[in-house]
Amino acid sequence: EVQLVESGGDLVQPGRSLRLSCAASGFTFGNYAMHWVRQAPGKGLEWVSGLTWNSATLGYADSVKGRFAISRDNAKNSLYLQMNGLSAEDTAFYYCVKDPESVAGSHFDSWGQGTLVTVSS
Amino acid sequence: QSALTQPRSVSGSPGQSVTISCTGTSSDVGGHNYASWYQQHPGKAPKVMIYDVSKRPSGVPDRFSGSKSGNTASLTISGLQAEDEADYYCCSYAGSSYVFGTGTKVTVV
Chain A
1 EVQLVESGGD
11 LVQPGRSLRL
21 SCAASGFTFG
31 NYAMHWVRQA
41 PGKGLEWVSG
51 LTWNSATLGY
61 ADSVKGRFAI
71 SRDNAKNSLY
81 LQMNGLSAED
91 TAFYYCVKDP
101 ESVAGSHFDS
111 WGQGTLVTVS
121 S
Chain B
1001 QSALTQPRSV
1011 SGSPGQSVTI
1021 SCTGTSSDVG
1031 GHNYASWYQQ
1041 HPGKAPKVMI
1051 YDVSKRPSGV
1061 PDRFSGSKSG
1071 NTASLTISGL
1081 QAEDEADYYC
1091 CSYAGSSYVF
1101 GTGTKVTVV
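The listed protein sequences derive, respectively, from chains A and B. FYI, this note's numbering numbers position 77 of the first sequence as 77, with every residue one higher than the one before it. Quick note, this note's numbering runs 1000 ahead of the 1-based positions in the second sequence.
Not one of these hints is a red herring.
Covered, in the sense of this in silico footprint (three residues per stretch, anywhere, with C-beta under 8 Å from a C-beta of chain A), are these stretches of chain B:
| id | segment |
| --- | --- |
| 1 | 1049 to 1061 |
| 2 | 1095 to 1109 |
With beta-carbon atoms standing in for the labels, derived distance ranges:
| id | chain 1 | residue 1 | chain 2 | residue 2 | range |
| --- | --- | --- | --- | --- | --- |
| 3 | B | 1109 | A | 56 | 46 to 56 Å |
| 4 | B | 1017 | A | 10 | 38 to 48 Å |
| 5 | A | 57 | B | 1002 | 18 to 28 Å |
No lab work stands behind these hints: they were computed from the structure. Please read all numbers here as calculations on a predicted model, not as lab measurements. Beta carbons: idealized from backbone N, C-alpha and C, even for Gly.
Hey, can you work out the whole structure from these sequences and the hints?
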């Protein structure tokens, strides 16, 4: 069974940084592309960024470009999101999401339960 | 990338059919056969219900179906059941990114 467990969400002040982690199990992590998708409380879903199996970036949402960086460590079955220059607009649940393909797939086939990032002074 | 346009809400009685539309552009929905649909119950993570416009993952009931015409994808739930009450989001690959829809709340009345 695929399991994706996010961690690292916290209450942080505007302008500060935070690093999210996602621990994957139940599948061969190094064979699949992975993504981060976020959802502000009570709002819709927004794709944040994605990474191919061999760490080629699939891109970033315009709203986070230049501030966020996605990475992975296949030896540790882990996905990361480094978030810098945080603002209130980044307040959201951040989901770790599995792609069914090794590069950019057509959809997202497994989701973690999410970790909450709150940006507030 | 602008969010794909979905109706804010749709409703139906048990056993009825409802259809949710998802309108984008030729750069996303219209330009790729990669529309997908996600169901999200309150406090839960989204779950894929339809991918590649009309394919159903194993375990998803066949009362869920998808289609596409031009720049608009659609999700139809036939034989509506109480457990289908949830938020539904469409999504499309857009070349160098992915774009989600605005979301539709399905209410079973």
